[in-house]
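Here the protein sequences come in this chain order: E and P.
So the first sequence is numbered by my numbering: it starts at 120 and just counts up by one.
So the second sequence is numbered by my numbering: it starts at 11 and just counts up by one.
Among these hints, one or two may not hold up.
[Claimed, not checked] Result set (SDA-like, lysine to any residue): computed pairs, CA atoms no more than 25 angstroms apart in a straight line:
(1) P:Lys-105 / E:Arg-287
(2) P:Lys-105 / E:Tyr-170
(3) P:Lys-247 / P:Ser-183
(4) E:Lys-179 / P:Pro-124
(5) E:Lys-148 / E:Arg-121
(6) P:Lys-105 / E:Lys-148
(7) P:Lys-247 / P:Thr-213
Calculated from the structure, these hints are not laboratory results.
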Amino acid sequence: MRRKAYYAAKLKRATHMLFFKRHRRPGVKGWELRKRLGTDYAKIIALLDRYLEKLDLQVKTVFEEGTPSEKPTREQLDRARVYVTLRGELTPKETKMMGWRIDDIAGLAITISTIISKKGKVPRKEVEDVLRRKLPGWKANVNIDRYIREGYIEGDEREQLYLAWRTRAEVDQKKLVEMVMAQ
Amino acid sequence: MSTRKQKKAQGKAHLQRIIDLCRTVEERGIDPFLVETDDVLKTIREYFPEWGDPEERCLDAEALHELASTIKLQSEWVKHRSTSLYTDPFLIEEKLQRLPKEEIAAIFLKSWRPIVEFEQLSPNSFMEAIRYWQSLAPINERWQRSESLRIQTETTTREELLDQQIIAEREFSQKLETFWEELKQEAKAEGKIEYWSFIGAPTYRETVRRAYLTSFLITYGYATLEIDWLEEIIHIKPFTIPVPTIGKKQAISLPIPITIEDWQRWREGVKT
Chain E
120 MRRKAYYAAK LKRATHMLFF KRHRRPGVKG WELRKRLGTD YAKIIALLDR YLEKLDLQVK
180 TVFEEGTPSE KPTREQLDRA RVYVTLRGEL TPKETKMMGW RIDDIAGLAI TISTIISKKG
240 KVPRKEVEDV LRRKLPGWKA NVNIDRYIRE GYIEGDEREQ LYLAWRTRAE VDQKKLVEMV
300 MAQ
Chain P
11 MSTRKQKKAQ GKAHLQRIID LCRTVEERGI DPFLVETDDV LKTIREYFPE WGDPEERCLD
71 AEALHELAST IKLQSEWVKH RSTSLYTDPF LIEEKLQRLP KEEIAAIFLK SWRPIVEFEQ
131 LSPNSFMEAI RYWQSLAPIN ERWQRSESLR IQTETTTREE LLDQQIIAER EFSQKLETFW
191 EELKQEAKAE GKIEYWSFIG APTYRETVRR AYLTSFLITY GYATLEIDWL EEIIHIKPFT
251 IPVPTIGKKQ AISLPIPITI EDWQRWREGV KT
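Isolated chain E, as found in the complex:
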């Protein structure tokens, strides 16, 4: 009984930490979870993930240096960021309710695919040109700024665009490229 209460309390704490934004970015670093939930935090996260499955949500761990091929080390887990994301797929209608028009989503897909195909770095001008072929001229610029603001891409002083933290957390890049190529 005491064991059950222990896990119930930890589950609650993990839920609070993962659902509510604590910093500028959502998600919680592995070391923060270890500090607040204890060394067995991976077990609690796994329990929460199983619970969230019924709600079509999942706990996702995003490693700084990409998913390790072997079992992650403690250092890798500490540096990783843990998020709660959707488990299934959204419908176009749902995305519209979230403030994403079909144009914006298609633009985001084009932007991300272009950056991936160019080894993760591409001049902003090039992305603008690609977007302009599908979207009105003024929207191309506005959309790129929006993707930057939301953390999907980032730019540098040389006007180069890169994938940013949100794309790494939310987008299955391999699947996206495979599906585009399969068309």
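Position chain P against the provided structure of chain E, taking the given hints into account.
Okay, now just chain P, sitting in the frame of chain E:
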């Protein structure tokens, strides 16, 4: 000019070309293997004994540094090609071109798992709110100052304007471009035009429509506002090319009331 001086000048030009080539490859994402590293290194080595003053040595170091960056890019290029994410950029561009945007969006939705996040009050925003509250003037003072704003105002959305047929969905971007051209034409003489002179129209409905479109021109960087706070005169200044402002600097919101009384006053002014 002595042969030595000539060789030096030639060497500097060579090094500068190497630097430019390496930078172009890096900035434009061109295949880094286009740079023949062996030849470049040979050139750098050939001219090295000629360099004497610090400026020349700096140029030599810069060329070497850029070459090193290109070699790093070559290594990344090979690594990327060997990963499962590698796809021919031209092939992917061609596929994206061919696909309708609805299909591209549908593909994206299959690989997109958005983060669930709840906003809440943070200590920082709480402190900001306290500061705002402390600097806020009492309501009776504020009401005195804005007596002319007693009209019940409401926000409108593009969807509502679409319902009322004030604007049409499909032509919106074209309309915006045409409207921008009109603004440029009208502001041709002084490079700017007084706000009401531009938005004012024979009917109130048309005036609101023009004000609405103008707000889009400003938001999307087709034009800007020039405000003389003392004289309370607002001018619209069109840009020759759109200047994107969103996300680049802190945007400010400037509400400009377009009431029927304002419009009537403007009409009277025009008539007299």
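> So which hints don't hold here, by number, going up?
Replying inline: 2, 5 and 6
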